[in-house]
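J.: Okay, here's what each chain looks like letter by letter:
2 protein chains.
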Amino acid sequence: MTPMSGPITFNAQHSPMGAFMSFTCGNPGTRGGIGLQIGSPGDQEVFIGVIDGDRYADAPLKCLPFYIGAASTAMEAFTAETAGPSEANVRPDAVTFSPDEIKRFYSWATDSWVADDMAFTVYTPFGAIPDPAKASDKEMRDALRPAVVARLVVDNTKGTKPKTGIFALNHARTGPRMIVDDLGGKTRVGFAFRREAGVAAEVVDITGAGKADHPEAFGFMRWSATDGIREKYNPVHLLGSCPGIGFEVPAGKKYCLVLAIGSYLEAPVTTGISGKYLYTRYFTDLTDVLKSTLDSAGKMADEAEALSAKLEATALSADQKFLISHATHSYYGSTQLLDVDKQPFWVVNEGEYCMMNTLDLSVDHVFWELDRNPWVVKNLLDNFVAHYSYTDEVKVYKDEFKGAHGFDHDPSQPPPPPDAAQLARPYDKKPGGISFCHDMGAHNNFAPKGRSSYELANLTSTFSYMTVEQLCNWTLTAGCYVAKTRDTAWLKKSKKIVAEILESMINRGGEVGFAQYDSTKTAGGQEITTYDSLDHSLAQTRNNVYMAVKSWATYRTLALLFRDLGDKKSAEKSLELAKKVAGFVADQAVDGVLPAIFEKDNPGYASRILPATEGCAYPLYYVKTGYAGETLEQVFASPSEKRMYDALKEHTRKLLTDPQGRNTFADGGIKLSSTSNNSWMSKISIFMHVTRKVFGLDKDPAVAEVFKKADAAHTKWQTVGSAYWACCDQIVSGEGKASRYYPRIITSALWID
Amino acid sequence: MTPMSGPITFNAQHSPMGAFMSFTCGNPGTRGGIGLQIGSPGDQEVFIGVIDGDRYADAPLKCLPFYIGAASTAMEAFTAETAGPSEANVRPDAVTFSPDEIKRFYSWATDSWVADDMAFTVYTPFGAIPDPAKASDKEMRDALRPAVVARLVVDNTKGTKPKTGIFALNHARTGPRMIVDDLGGKTRVGFAFRREAGVAAEVVDITGAGKADHPEAFGFMRWSATDGIREKYNPVHLLGSCPGIGFEVPAGKKYCLVLAIGSYLEAPVTTGISGKYLYTRYFTDLTDVLKSTLDSAGKMADEAEALSAKLEATALSADQKFLISHATHSYYGSTQLLDVDKQPFWVVNEGEYCMMNTLDLSVDHVFWELDRNPWVVKNLLDNFVAHYSYTDEVKVYKDEFKGAHGFDHDPSQPPPPPDAAQLARPYDKKPGGISFCHDMGAHNNFAPKGRSSYELANLTSTFSYMTVEQLCNWTLTAGCYVAKTRDTAWLKKSKKIVAEILESMINRGGEVGFAQYDSTKTAGGQEITTYDSLDHSLAQTRNNVYMAVKSWATYRTLALLFRDLGDKKSAEKSLELAKKVAGFVADQAVDGVLPAIFEKDNPGYASRILPATEGCAYPLYYVKTGYAGETLEQVFASPSEKRMYDALKEHTRKLLTDPQGRNTFADGGIKLSSTSNNSWMSKISIFMHVTRKVFGLDKDPAVAEVFKKADAAHTKWQTVGSAYWACCDQIVSGEGKASRYYPRIITSALWID
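Residue numbers (UniProt numbering), protein chains in the order written: chain A, 1 to 753; chain B, 1 to 753.
Next up, chain A with everything else stripped away, as it sits in the complex (with noise of 0.2 Å):
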């Protein structure tokens, strides 16, 4: 593996399947380490160096600047520690290893940083988690285990006088403590804080090709890293805050710290529906945890690091590999599986908001479970059906629109008021139908039955409905697991569902067949998409673009899941709605250019957005996966559906070679409406994506150009404008603004295709 050519200076999440647990670390100067149920890094400074010298010796811990004050303590600080006096008392502080000395090795399942003599690598396999009402306790365990393996080695085979090695964290709370309970061998030591996360170890002599022996790692906890690890007489005080473990390594030899990072939360964690965590069935607490990753630590470092060669051998870019390497490690951090009634419930938070099972994000990471672990996907769709659906009336508008349309809006902040003209418009009520909820709730706390945590009424953007988006989504998660799985014995269950999504879908979509009524659950206001904080281009749902795609593909979808119940009639029909949203879509292109909504006085008529194809990704996965039972052309192949399919390429093709490059940034990074300066990466990707694979794009070397130089900003915008938030995805003029520490990107993995 080549080290990053870039900046390295970026945290990265390092998260088992499903705890819901991150170990970050990478952005200097800043807190991190053990995080859990946050979508944030954790509180602790993090202390990985290596002393040139024992324990004792007068010389500087040179660290990685992953603590407070790294940022300024560089080398100059070194060099007036070592150059004062060298009395017992003067104890030097840490100081960090300077960026040139530095080379980071980011991958798909490590990340190594390698400074000197010294070299830390986390490890985070990752695969398949089996269905626990199929799998064994053993294979349970080996993929639920709440823990991320890492090392620490010390090559000291050219040294002459021993070298010290230490992995310690500093906490910002109170309740560190050291472990105390056999941890599976005399030699291993640990530490805790309290009872939910910690650290063991063990050393393991590398020297030489021979058996390896374990040579000793003492613990030590005092208030900071480096009174610790000199403390003589006391190096353990139970009311540190600063837990840690060294080693030291003789002149001529090698060693390698291994250590297990990992958590125990024992208690249920949800409320409104109780849940605690899956992984509680397996292991009987923290110690539990921390052994078990110990014991197994050799096979997980095999497997991750078979993931990275894996990922290293393909032929992506290194921008690509960086960008689906980084969406992954912040994908599991955010991902948690549940035990509910005995039966687990798999929740992917979302980033920062940590909302559950957002079904907008569900939709996009589907192709990703699909690959590993379908029946979490079909957990995810039963528990909505289950809790998180609703039925509701549409709005029939009796007037124009007379007000101001949507704007940006910052997600982080309260929403902005209802908008005055859209509340007082008035309508007549018509069946709506079945639709689900946003989300399942948010911060643990699931949201009442039939309610989502994020939508509210009367509003025009950012936390109003996303009654048809969420629809679309929910239909096409089905029809991937159905195509992805077959499982005919599950969609017979869902039979009753599907019926009523089609005639959901019809009564919203009135004379043109594709969302044109808003649901009476936004009472005065009105529907918005999933890209909540973009601005008037992305943000209606009526008569939108992205919609009207998305709508067609859900269409597709229905037809081929009435196909596989034998509903010859509604597959037919939604056939024939599938040709005729086609249809309406392809007669809306100017110069070959389609709107971003079909209404000419709203300004989102001006707006140009590349998402326009992104509903094509479905049908794409129903071909490859053989469940369309067709090419990709004959999907394409009615007259109307050709039609759209020759006028978004075209439109694609334009906006990506416009000349006044209105759907790029200065920096080269895609801009996904050309009137907004918000942009999401994961949505790039699955963008990037269709524009390949569905449409051919990038053999046009203009269309390649832009999407090299696209990526490289890309990379950038995560390792330079979000170094402190780890993956993000939303991006304003390649700053990661909002959509932190996200699960999203995950469908940049699409690109390994």
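I should point out that these hints are in silico values taken from the structure, not numbers from a laboratory. None of the values given here were measured: they were computed from a predicted structure. A portion of the hints provided could be inaccurate.
Stated by the list, open to error - Taking lysine-lysine pairs in the BS3-like style, the calculated list, with each CA pair at most 27 Å apart, reads:
id: 1; chain 1: B; residue 1: 276; chain 2: A; residue 2: 276
id: 2; chain 1: A; residue 1: 232; chain 2: B; residue 2: 449
id: 3; chain 1: B; residue 1: 449; chain 2: A; residue 2: 186
id: 4; chain 1: A; residue 1: 449; chain 2: B; residue 2: 232
id: 5; chain 1: A; residue 1: 580; chain 2: A; residue 2: 568
id: 6; chain 1: B; residue 1: 708; chain 2: B; residue 2: 310
id: 7; chain 1: B; residue 1: 580; chain 2: B; residue 2: 496
id: 8; chain 1: A; residue 1: 232; chain 2: B; residue 2: 398
id: 9; chain 1: B; residue 1: 580; chain 2: B; residue 2: 624
id: 10; chain 1: B; residue 1: 342; chain 2: A; residue 2: 276
id: 11; chain 1: B; residue 1: 342; chain 2: B; residue 2: 492
id: 12; chain 1: A; residue 1: 232; chain 2: B; residue 2: 429
id: 13; chain 1: B; residue 1: 600; chain 2: B; residue 2: 654
id: 14; chain 1: B; residue 1: 186; chain 2: A; residue 2: 449
id: 15; chain 1: B; residue 1: 276; chain 2: A; residue 2: 342
id: 16; chain 1: B; residue 1: 430; chain 2: A; residue 2: 232
id: 17; chain 1: A; residue 1: 429; chain 2: B; residue 2: 232
id: 18; chain 1: B; residue 1: 299; chain 2: B; residue 2: 103
id: 19; chain 1: A; residue 1: 398; chain 2: B; residue 2: 232
id: 20; chain 1: B; residue 1: 232; chain 2: A; residue 2: 430
Said to hold, decoys possible - Beyond 12 Å from chain A on every Cβ pair, some chain B residues (computed):
id: 21; residue: 58
id: 22; residue: 151
id: 23; residue: 400
id: 24; residue: 589
id: 25; residue: 698
Even glycine gets a Cβ: it sits at the ideal position worked out from N, Cα and C.
Could you slot chain B onto chain A? The hints should help.
T.: Only chain B this time, still in chain A's reference frame:
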């Protein structure tokens, strides 16, 4: 009750018994609210206020100043706001009542804020915690309910338009939610923070004398209190940070919002020894706690008012009543009753340090607990024997000490380095014996068996061992327990321990009979006393007048215990040693003053300390309870003990009336050591008690005057010098610098006697 006449803007803890929970408010402009298992205020802004109008009125929310920024938004802001435009979107922020609009009534179990037509009172009744082995579930529920009651009364009897009252908590952490479970009535509303804490409320019409009905209360949750109360369409957003409860009071009416503020932690919370809250046996969840608190609110408030009335009815001064009240509030905030292996386990946490059952605090708390629930004292004594006792040897130094002596040290800082000269002193080992650990752990982490979280080897001041001090403390605590309960069954079971204690005392006492040798646990260090961060006058155990008198009291205690055990020989031996030590103490007086340290070359020899008399508190208790079977005069009847009595009395009189005022601060507060600016309020309280009840010195008008001035100064130490930190023990020149949010000042309750 009369309102406080001095400064009123200080934090108070409001806590149930044994839940390690505080609802904190009082200090302007800082966070407080519900804090669980921490030694500091919580992390919520507390909004308690009134709108002069209905909930949507274009008038500001006038609040008590318990939120960030409250310190700066006083009446000026209020005036500015109301003068502004009254458009729909102008939502005036919260403004605070000006200081002179607010009156505070602070007493033993009640804390009231009255401003304009609003009154907010928190009720914290306390009493006996019944022995769980004997009491009914209902009794235990009443005693251990982890909640407090509050009332917000809005008087609109003279109004002509509605007023709106609110109570809201703006959370710094993510996870608040509205309670949707049944709280025991349709008119009850509530909110919570995840599963762990919450507030439920209902409104009562208290306008007339007739039957009280329950007008509507409404919940809200947005990103601010003002936004929540006024939001027309979506008062509840599940993503909001600031849940609250409001109620409108029509003109002519007076309504009371009754609030239950509670917590519930269901999982084991401690490590080392795994314990969960005993209340989990009696309550099923947070909803159960809040519901039952509302059901019992009237009774709880009545009990609290009766307690406050009881204190107010005493002959104590306003300052004394305040200090007792403040101490009681903080005491219960530190209490934690656990369930360990189905047995109760009593813990008092050490304020901001959260050390568990610090034994040198326990010995001070014993009077309070024995008046209410002696079984918790027994529980503590047994747990010390079972888990936190040890056996050591003692060091007999071979030479005189040649180094520097101990020094002042801020206990919030890391310990000073070991004293090189002390470390190097050669010594022989001799048998020591049993003693007890300083504490049982810290921050919910029980220490390993036989080890405290505090004590370290090779130190000469803070964080060194307190072997003799804790040996005395366990014995004195046991003596008080038996004195109060006459539980001879327990005493007989503890016979072996009592015998071991006498032997241990003798082994440590050398020729003079008390504290001549340091424990080998200190390795190269020396033992210290509970006055750990005071100077040389009270830090060193050996030859310390405070330890001498405490040792005398310990022998006196042992004599009584051996008497009841029928061991005449040991009883006589103990009495003989008491007399010996007393004589030795008396002999040290020079010009009527006892040196702090009986070593002429020690700087402590010149120090004049008031705690010299502290040990007399215990024989006083044995007399008071009738356990001694004699009068105080008889206790001091032997020649040597009479001489010690006279010496201590004269010592105290001289120090208190010292023309140079070396044992008072400039403000009149008591200075425990003439050579240190550190003073402990808890210890001052015992000292005052002994001065009055043992020596009758308060009959001396000069001393009475000193005490009166001191009381006033001590009040200000709390209300001004420690305004944020609620009740604070360790005061440096009038400011609360350490031992904050502290339980130990409960010793002031001795004054009620």
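J.: Which numbered hints are broken by the structure, listed smallest first?
T.: none
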